[in-house]
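For reference, the chains in residue letters:
Protein chains: 2
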Amino acid sequence: MSPAPDLTDDELQALDAHWRAANYLAVGQIYLMGNPLLAEPLRPEHVKPRLLGHWGTSPGLNLVHTHLNRIIKGRDLDALCVWGPGHGGPAVLANSWLEGSYTDTYPDIGRDTAGMARLFRQFSFPGGVPSHVAPETPGSIHEGGELGYSLAHAYGAAFDNPDLLVTCVIGDGEAETGPLAASWHSTKFLDPVHDGAVLPVLHLNGYKIANPTVLSRLPEPELDALLRGYGHEPVFVTGDDPLPVHRAMAAAMDTAVDRITAIQRAARDGSTAERAAWPMIVLRTPKGWTGPAEVDGLPVEGTWRAHQVPLAAVRDHPDHLRQLEEWLRSYHPEELFDADGHPRPQVLACVPEGRRRLGATPHANGGLLLRGLPVPALERFAVPVDKPGATLHEPTRVLGHLLQKVMADTAGRRDFRIVGPDETASNRLQAVFEASGKAWQAATADTDEHLDRHGRVLEILSEHTCQGWLEGYLLTGRHGLFSCYEAFVHIVDSMVNQHIKWLRVTRRLPWRRPIASLNYLLTSHVWRQDHNGFSHQDPGFIDHVLNKSPEVVRVYLPPDTNTLLSVAEHVLHSRDYVNVVVAGKQPCFDWLSLDAARAHCARGAGMWEWAGTDDGTREPDVVLACAGDVPTQEVLAAAGLLRQYLPELSVRVVNVVDLARLLPKEEHPHGMSDAEYDALFTTDKPVIFAYHGYPWLIHRLAYRRAGHAHLHVRGYKEIGTTTTPFDMVVTNDLDRYRLVMDVIDRVPGLAVRAAAVRQTMEDARTRHRAWIRECGTDLPEVADWCWTE
Amino acid sequence: MSPAPDLTDDELQALDAHWRAANYLAVGQIYLMGNPLLAEPLRPEHVKPRLLGHWGTSPGLNLVHTHLNRIIKGRDLDALCVWGPGHGGPAVLANSWLEGSYTDTYPDIGRDTAGMARLFRQFSFPGGVPSHVAPETPGSIHEGGELGYSLAHAYGAAFDNPDLLVTCVIGDGEAETGPLAASWHSTKFLDPVHDGAVLPVLHLNGYKIANPTVLSRLPEPELDALLRGYGHEPVFVTGDDPLPVHRAMAAAMDTAVDRITAIQRAARDGSTAERAAWPMIVLRTPKGWTGPAEVDGLPVEGTWRAHQVPLAAVRDHPDHLRQLEEWLRSYHPEELFDADGHPRPQVLACVPEGRRRLGATPHANGGLLLRGLPVPALERFAVPVDKPGATLHEPTRVLGHLLQKVMADTAGRRDFRIVGPDETASNRLQAVFEASGKAWQAATADTDEHLDRHGRVLEILSEHTCQGWLEGYLLTGRHGLFSCYEAFVHIVDSMVNQHIKWLRVTRRLPWRRPIASLNYLLTSHVWRQDHNGFSHQDPGFIDHVLNKSPEVVRVYLPPDTNTLLSVAEHVLHSRDYVNVVVAGKQPCFDWLSLDAARAHCARGAGMWEWAGTDDGTREPDVVLACAGDVPTQEVLAAAGLLRQYLPELSVRVVNVVDLARLLPKEEHPHGMSDAEYDALFTTDKPVIFAYHGYPWLIHRLAYRRAGHAHLHVRGYKEIGTTTTPFDMVVTNDLDRYRLVMDVIDRVPGLAVRAAAVRQTMEDARTRHRAWIRECGTDLPEVADWCWTE
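Sequences listed follow chains A and B, in order. As numbered in my numbering, residues 1 to 789 make up the first sequence, in order. As numbered in my numbering, residues 1 to 789 make up the second sequence, in order.
One should not assume that every hint holds.
Since the list can't tell identical chains apart, any single copy or any two copies may satisfy a pair.
What the hints assert, rightly or not - As a list, the in silico DMTMM-like pairs of lysine to aspartate or glutamate whose alpha-carbon atoms are at most 25 angstroms apart:
no., residue 1, residue 2
1, LYS717, GLU551
2, LYS717, ASP674
3, LYS665, ASP745
4, LYS685, GLU609
5, LYS717, ASP576
6, LYS685, ASP745
7, LYS665, ASP733
8, LYS405, GLU569
9, LYS665, GLU294
10, LYS665, GLU222
11, LYS717, GLU666
12, LYS665, ASP543
13, LYS717, ASP543
14, LYS405, ASP448
15, LYS685, GLU619
16, LYS685, GLU762
17, LYS717, ASP104
18, LYS387, GLU335
Quick caveat, the hints were computed from the structure, so don't treat them as lab data. Note that the structure is a prediction, hence the values are computed from the model and not measured.
All chains should be built: construct the whole structure from the sequences, respecting the hints.
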């Protein structure tokens, strides 16, 4: 690799000045609460009493930022950067302050001495800003506290942004994680025609918290082979002497961007449809570069000891204080800032203008770019329902037609994607393939179906990559849906935690504009994994998300096709939420017409008068409540049995679509008041609640209600195997017969013959068990059951 | 690659016969419930009414099994196989039946016609066996329903098993997942001296459920580079003509095992300490190989359509029935089985004997090999506690000394490992490095510390790999501990789901012997992530595991050092559990002497008489309950404030170590009876419960108790940022002042001055907020607080 031919010594010095300024500001943030420009000798009281921050990665991030500035300005690039080592917050904040985007966003932190003092003091300080690249950080779409997601986020940002260059700094620690390792293969999904480019910068600073990193200790040919195996053409930049590294880094950036331009040009002018090897940079510089070489006799620069705060006892040890001052002065702040704290012109020579600045790009504040999604009128897709339970449809298949139309209507805009781990068709959404194929840049075969170099359906067998792609896509102002098997969405539990935390914070930042919600469609759910067995049966994702910020989280359990359409319309239009929609793909009775579905979904929970025997003039004897498609079916079957066997009983059927309705209104924006809840569920009548997931979740939501002592919940009790669909509900005591028995066990003063009815139910369960072991299918009376009024 | 020189035509034919027999048995399991040997023409009633199973991967698994048989028998190898494509249950069951290990395990399934009929019928049939390689499957340590963990499991099995060959079949679908992608780098952690070998077989059958796979569509040089980058020397076996593939596969197996032997010999005789490139096999054969080429005019063999059941409507379509019969007869069952259904001698020629059979290896039933762990007497490590709250210790640091001793005492046996994502020292367990370094086979530098080619501490920055390694290690009969940041253990939510499911099933199988529990030490927990901020604050893993089978799950929250030691002793001795231990690493008051700690942990929850003002003669006015180290500290501080300000109040302090004690005894083996619960918590007095995690979990556990209406829980409300430790509890209303206010708000009939006390508390909170914003540290009165009686 040759030095960039057009890099003059002045330019080189200017790049170095910018880098030194950023390093100075990073150290200042970690340590100082006074004397920001070292106008006087450093004294203990200038240093924060608690030192919290990560120095080790910061000089590397500063180097990348400096050189991104250069190439963005030199070529007028539209660029975004994802900072994988997000704990290097001091670096990204330093750069934002230098380029002025920080002051634009937070006018009280000016680009002067007072502003610098505030910048320093607020960092990792109570009431100040977090130590990581947080939502509060201008230009960021990626927190980086939990490692592994930077590269998938970068690809998500690049999809359908053909003019965008997304640089992604990947720490060599992060590179050991599974999600990061999987996302390298995103190279097979990036369309050089309609997508932008991702430029990975693998930063090998050699150490994690306490260990060397795996990739930094590979012989270079082995690492080179690995990266070529991922589909990249690596450019290596190695060194610890700043000026040669600057030259090499500038040359590497030029090489990489030239190569990206060539790939995109060749694809866009149609001269090739071959997948190219995309460039990437391997940057090998010391951890904690330019920091203290030794502290207390132990090596620090270039080792794991530089990870956080190299000098830990500055207030108490004069030696440490002296070392800190020497370290700070080694950057020559007087050359970098004028007496008023303004960065000098040389420092800012490489910095681009306006929205080209990495801290000011609207792509990192996606709500600025977001357009409303054209969701078509549901009337075209709704199934006709003249009376409840007379017809069957596969809810997700019908939803597929709606999504096909959304996909078609965004063909020009390209701002809607569906992601999933190889399950779009399995989840019966395949109608979308009529409007868009599946993105695929690798080799194809004649037998393939629906693969499309320009497709907007993304399928890879990695829930992590799917989630990361979608998060990156949404955070940069687009729309999408993640369709997933219910059990395996737990794979992204920790990722969704972080996204919810991100949204919770951004909702409190006025400058952050709302983005499209992250919508999950969880299908192939617990009750219909009878064929795959126990490993595929898990409804706990609902519990997981309901632990998180109520202002962000919504859970919907539409009981039939039209309610699914109504919920889908709502979530696709919504902003700043994580919406979890659980809906089956198997044939399901149509209970509600579109109008009724809309009204029911708007209420979120309500009586189904037609299903009960409650005449509305007095409180019923019992409430049969349900949430979820299979529980709803069982409750309606139980209601039918009760009407048949105990017609004098007044039964109210309540269906819950929006699970948070059960919470008190003080605890969730969708929560019901006690008056509403009591009117629906009564305060003293038995409530038999058939729920889709773990039964105790319903208790957790409703424990404050007056009628809670009378609430009896049936749900999934973590019992399953390969069996029949009805056996799944019998085994977990969620079946119609058990629900009738529950009613008989709990309603006082029933007729004497209730005992005989109970025995009839018990007999039906016994008959079921014998039948399935003999025939392997469900009893005809169950399999062919249909609702009759 | 040349054909194996010693493979005669007879041997070749025998291998093919074994493979055909296994294929026949796989198809038979998916389809047949009668006529197993096709003694008569196939009729619809011979076919199961519901067809559930995965054909696509089965012929490939059968091929690998056949060739493993050959090489195990030929070289008398001690071998285990991890079947990544676990949905290919029919293949593994077929092989187990052929080799006789199935009949050994389940004598009612004989190796004859009647046994074959039962084998077929039971598959994916109600009351039968699951469709995947499940715990019920002899020779299995890996379910494979959730993809991604096979290779980490294989390495876990190989660690400290120097004579074991662990083959791992990795599907090309699974290879796209993050956990699998990360675990390739296990090559840098496998010690050729003390560990066995892992032989990955990457099976490229080209398709997932509905898509081509990424790796199968890479140009071979690119794939080769990738695998070399992972540290492997790949041997490619490609074809769709059985006999040449058999020759190539036999040669590849010979090459691989020769190479493994050479690597191990060189390392063990000390002739090299260099990391070698381990061999692996890339097997490229058609999906659904030997199945129907076309069905209903569409290609099936070699496409994704072969994934599950290639002929779906056999009972209803005579054409499908005919195709199925032709398919079955294409294997020439009459050549493979005699008239009584016994496999013919040629079929069994390659099958090894006794415990060498893959379905009979004790390594797959690790409890057979498990030895009790030498946990030393706690007295040597316990901290002296003359009176409560007079001294401080870092609980995990003290635990580190205990673990050091365990590590030292297993130096010869090598059956104990500690895994963690680069956090062993951060979690203050570094004393263990005195007994064992960290496993590391890559390059080293002078500045490294505690790296050791033969170390038994495993650190890689992948929670997935850590978890997979440990699971594989435990399942093969050894012991271990996973030390992890509390927030990021969510990364393995889905993995622990599967492990808990596995344990739940194995506990019901008499032939499966109990294995050591999977022990988590969650430290660097929510309350002490004030420096890393919101992304690092999450106590929800407890909620996650408590949704799972109560017979498997245990959660402990030791409040101080000696209770942590007592809990650690208990969990290290336990079997077949998943134990979650949450304990801080920061200085923590010592409350209990070792004797008191043991007594308290044995009870799991109990009164701390010395901390309250409850004289035991009557019910107290209020119960202050706590679970977790920080909540315990705040409750004791609150108790102190109450004694100071409202000395007439009778306060009972209750500490809960074992969280499941709160559950009813009907719901968890550790649950308290109502009588016990009521005696501890009262039925009608206010209970202010300070809990480590999300407060509603306590309600979920205790909602059935008589006193539940009086239970008021404080905990983490998903509010956090970078701030001070005490501010974390104030922000979440878990602080001592708020707890005192809670008492005042809830105890009826307090003295008039209680209102003034309440205001004093409110003032303290206000003073705190002002102070931290000014000084950045906690108020001295909080930071220096200590317990006084």
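- request: Please work out whether the CA atoms of LYS685 and GLU762 approach to 25 angstroms or closer within one copy, between two copies, in both situations, or in neither?
  value: within (24 angstroms within a copy, 42 angstroms between copies)
query: How do LYS685 and ASP745 come out at 25 angstroms by Cα distance, when the copy is not named: within, between, both, or neither?
result: For LYS685 and ASP745, the Cα distance is within 25 angstroms only inside one copy (13 angstroms; across copies 31 angstroms).
task: Please work out whether the CA atoms of LYS717 and ASP576 approach to 25 angstroms or closer within one copy, between two copies, in both situations, or in neither?
output: between (33 angstroms within a copy, 20 angstroms between copies)
field: Intra- versus inter-subunit Cα pairing at 25 angstroms for LYS665 with ASP543
entry: Close inside one copy (19 angstroms) and across copies (23 angstroms); limit 25 angstroms.
message: At most 25 angstroms between alpha carbons: which applies to LYS387 and GLU335, within, between, both or neither?
response: For LYS387 and GLU335, neither the intra-copy (81 angstroms) nor the inter-copy (60 angstroms) Cα distance is at most 25 angstroms.
- request: Have a look at LYS717 and GLU666 and pick one of within, between, both or neither, based on CA distance no larger than 25 angstroms.
  value: between (30 angstroms within a copy, 14 angstroms between copies)
field: Within, between, both or neither, where LYS685 and GLU609 count as close if Cα-Cα is 25 angstroms or less
entry: within (17 angstroms within a copy, 41 angstroms between copies)
- prompt: When no copy is specified for LYS665 and GLU222, does a C-alpha distance of 25 angstroms or less occur within a copy, between copies, both, or neither?
  reply: Answer is neither; intra-copy 58 angstroms and inter-copy 57 angstroms both fail.
task: Tell me, please, which holds for LYS665 and ASP733 at an alpha-carbon limit of 25 angstroms: within, between, both or neither?
output: This pair counts as between: shortest inter-copy Cα distance 20 angstroms, intra-copy 31 angstroms.
- request: State whether the alpha carbon distance between LYS665 and GLU294 is at most 25 angstroms within one copy, between copies, both, or neither.
  value: neither (57 angstroms within a copy, 58 angstroms between copies)
- request: Indicate which option fits the pair LYS717, ASP104 if close means a Cα-Cα distance not exceeding 25 angstroms: within, between, both or neither.
  value: For LYS717 and ASP104, the Cα distance exceeds 25 angstroms both inside one copy (54 angstroms) and across copies (33 angstroms).
query: Is the C-alpha distance from LYS717 to ASP543 at most 25 angstroms within one copy, between copies, in both cases, or in neither?
result: Both ways: LYS717 and ASP543 sit 14 angstroms apart in one copy and 15 angstroms across, limit 25 angstroms.
When each numbered hint is compared with the structure, violations occur for hints 9, 10, 17, 18.
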